[in-house]
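Given the sequences, and given the hints that come with them, work out the whole structure.
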Amino acid sequence: MRSTTPINTTPINQLGYEACRDELIEVVRLLEQGGLNLDMSLKLWERGEQLAKRCEEHLDGARQRVADVLSARQVEEA
1 MRSTTPINTT PINQLGYEAC RDELIEVVRL LEQGGLNLDM SLKLWERGEQ LAKRCEEHLD
61 GARQRVADVL SARQVEEA
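Per the working numbering, the very first residue in the sequence shown carries number 1; after that it's consecutive.
The hints are simulated quantities; they were obtained by calculation from the structure and are not laboratory data.
Warning: the hint list may mix true and false statements.
Stated by the list, open to error - Using 20 Å as the maximum straight-line C-alpha spacing, the simulated DMTMM-like pairs for lysine to aspartate or glutamate come out as follows:
no.: 1; residue 1: K43; residue 2: D60
no.: 2; residue 1: K53; residue 2: E26
no.: 3; residue 1: K43; residue 2: D68
no.: 4; residue 1: K53; residue 2: E77
no.: 5; residue 1: K53; residue 2: D22
no.: 6; residue 1: K43; residue 2: E26
Written out as structure tokens, the structure reads:
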């Protein structure tokens with residue numbers, strides 16, 4: 001049973017969407033692979049939850065930017 005799996009310690013709020021997504025994919029892979037002790041599994045799971053939330057925040061921001069541009073375009077065309 002492995003007890004040491006490197007966990008990225010970069011603050012999540014400093015990661016871009018792609019970095020969050022890629023790290024989340026790796027976290028899921030490690031958890032699905034198994035062989036981790038409970039403490040490491042919980043740490044990875046917590047990091048994964050935070051990464052998923054940050055990905056959603058990035059996507060929400062992108063959606064809002066698209067909506068703002070489309071809204072501004074409609075105003076210009078009116």
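How the hints compare with the structure:
1. Simply put, K43 and D60 have alpha-carbon atoms about 26 Å apart, too far for the 20 Å limit, and the pair is violated.
2. Of the supplied pair hints, the one linking K53 and E26 holds, its CA atoms being roughly 16 Å apart against a limit of 20 Å.
3. Only pairs whose Cα atoms come within 20 Å are accepted, and K43 paired with D68 is rejected, the gap being roughly 38 Å.
4. Only pairs whose Cα atoms come within 20 Å are accepted, and K53 paired with E77 is rejected, the gap being roughly 36 Å.
5. For the proposed pair K53 and D22, the alpha carbon gap of about 14 Å is at most 20 Å, so the pair holds.
6. Under the criterion of a C-alpha separation no larger than 20 Å, the hint pairing K43 with E26 is consistent with the structure, at around 13 Å.
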